[in-house]
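**Q** Residues per chain are reported as follows:
2 protein chains.
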Amino acid sequence: MNNEQDNHQHQTAPQLEVCLTPALIPLYKVENSIVVIIDIFRATTSICYGIENGAEAIIPVAEVEECAAYREKGLGYLLAAERNGEVVSGFDFGNSPFAYTPEKVNGKTVVLTTTNGTHALHLSRKAKRVVIGSFLNLTALCNWLRTQNENILLVCSGWKNNFNLEDTLFAGAVVDQLKDLQFKLDDPAIAANDLFQLGKEDITQYLKKTSHGERLKKLGIEKDIAFCLQIDLTTAIPVLEEEKLVKLSI
Amino acid sequence: MNNEQDNHQHQTAPQLEVCLTPALIPLYKVENSIVVIIDIFRATTSICYGIENGAEAIIPVAEVEECAAYREKGLGYLLAAERNGEVVSGFDFGNSPFAYTPEKVNGKTVVLTTTNGTHALHLSRKAKRVVIGSFLNLTALCNWLRTQNENILLVCSGWKNNFNLEDTLFAGAVVDQLKDLQFKLDDPAIAANDLFQLGKEDITQYLKKTSHGERLKKLGIEKDIAFCLQIDLTTAIPVLEEEKLVKLSI
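Respectively, the protein sequence lines represent chains A and B.
Heads up: the first sequence is residues 81 to 330, going by the working numbering.
Heads up: the second sequence is residues 81 to 330, going by the working numbering.
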């Protein structure tokens with residue numbers, strides 16, 4: 081193959097990249113990509129479930145105080161915030177996806193407090209589009225991504241700006257579904273896919289060894305974890321519009 | 081187990097952590113750890129080989145201009161720098177480990193230009209100790225680390241501040257040798273070890289799929305790559321003293 085052909089191929093093959101933590105987002109050209117935000121335990125899982133169940137919009141905020149400020153706006157927002165695994169006093173619910181049932185969220189706007197996820201969203205807002213991924217909407221998300229013919233950047237929200245295994249494993253699940261499309265993969269995408277191959281037979285078991293899983297177990301939210309690892313429970317794809325996450329029209 | 085025992089155990093089990101890129105070093109308390117700097121292709125491999133072969137010291141610098149400045153000091157430094165895979169004109173050699181033979185480096189001080197590795201070293205200098213790792217000195221390094229009873233942080237120099245597979249795979253090889261010691265592993269350490277398990281039967285083959293391997297291949301340094309993946313060719317452990325890397329006295 082001569083150089084011209086080589087260059088041509090490089091220009092036309094879209095990239096499928098994985099950003100392992102929000103701290104690394106500045107290394108990517110988000111404006112050239114569709115960004116998928118991933119925060120498996122539990123923000124993006126709750127967002128997918130809430131949008132699937134008819135929430136009009138979900139507004140992610142970083143701090144409990146920002147969330148509380150929506151109370152003043154008096155427009156009937158549902159407020160979600162927790163500290164140390166407990167719903168903060170005066171709020172409607174915490175971060176458990178079980179709260180996002182049709183009975184509670186249908187037609188409502190939910191303000192969700194999520195430090196890691198909001199940080200990732202904020203740093204990705206210049207992307208061509210920002211959508212939300214979780215195991216719940218895995219295949220629906222991948223089917224939509226397949227049709228876009230754009231560079232894709234999977235952003236793991238991680239834990240306190242560092243790598244975590246559950247978000248990376250989900251990124252690997254997306255790479256696994258899209259890798260037949262001849263995307264150019266970066267090293268994190270290759271690693272994420274390899275880790276997914278190791279864990280996919282029993283993701284729950286695989287993630288038990290993580291430090292984060294241990295931490296969440298101490299918070300008594302094993303049921304939430306099991307819920308977050310269900311594959312293809314939903315089909316809605318939440319998309320960022322201005323400050324709000326709403327259902328993507330396909 | 082009651083809380084007191086739980087806390088006690090937490091305090092006494094040292095941590096074995098992997099920092100996947102220099103951009104994430106600020107997330108760690110390097111001052112509480114022995115840091116191992118990893119830059120497999122090719123800086124830390126060349127450093128291990130050079131120190132093994134009798135170099136009195138190796139001084140890592142980030143820029144070719146810094147390296148050239150040592151010429152003015154007139155003390156018989158060997159200067160190593162390359163750009164685009166070629167030795168920079170006027171320098172003694174490039175970054176190929178093959179240059180670091182006993183004939184060339186014995187008794188000499190080498191000034192080595194390495195952007196990624198120098199960045200990682202600079203950010204780690206407050207550590208209890210900073211040592212250099214590569215596949216060449218893997219077992220010697222691990223045997224020494226075993227005796228230290230300290231927290232260990234394996235710092236991958238990565239590629240332009242981002243994750244690369246070869247440095248992570250080596251970190252996984254270290255975790256593999258030390259994991260019987262009941263270290264507390266963080267998620268990156270767990271992931272690195274899992275990737276090493278996938279790749280260990282044929283590391284060369286495993287790394288062929290990486291983007292970085294492709295880039296290095298284009299530079300025509302396949303022989304260097306093969307050299308860098310030799311396990312336990314050397315036993316010297318380079319350690320940082322002031323600005324210089326010298327042989328650790330054991």
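Please keep in mind that the hints were generated in silico from the structure rather than gathered at the bench.
Values in this document were obtained by computation on a predicted structure and should not be read as measured data.
Backbone N, C-alpha and C fix where the C-beta goes; we use that ideal spot for every residue, glycine too.
Any given hint could be a false lead.
[As the list claims (entries may be wrong)] Computed beta-carbon distance windows for the label pairs:
1) B/GLY187 with A/LYS109: 41 to 49 Å
2) A/GLY165 with B/ASN112: 21 to 29 Å
3) B/THR284 with A/LEU278: 18 to 26 Å
4) A/ILE311 with B/LYS303: 28 to 36 Å
5) B/GLU230 with A/LYS289: 48 to 56 Å
6) A/THR315 with B/ASN112: 54 to 62 Å
7) B/GLU143 with A/LYS208: 49 to 57 Å
**Q** All hints, please: hold or fail.
**A** Cross-check of the supplied hints:
Distance hint for B/GLY187 and A/LYS109: a CB-CB separation of about 48 Å, consistent with the stated range 41 to 49 Å. Between A/GLY165 and B/ASN112, the C-beta spacing of about 28 Å keeps the proposed range 21 to 29 Å intact. Between B/THR284 and A/LEU278 the C-beta distance comes to about 21 Å, which sits within the given range of 18 to 26 Å. At about 45 Å, the beta-carbon gap between A/ILE311 and B/LYS303 misses the expected band of 28 to 36 Å.
For B/GLU230 and A/LYS289, the hinted distance range of 48 to 56 Å is not satisfied, since their beta carbons lie about 23 Å from each other. Between A/THR315 and B/ASN112 the Cβ separation comes to about 47 Å, which falls outside the hinted range of 54 to 62 Å. A beta carbon spacing of about 36 Å between B/GLU143 and A/LYS208 contradicts the range 49 to 57 Å that was offered as a hint.
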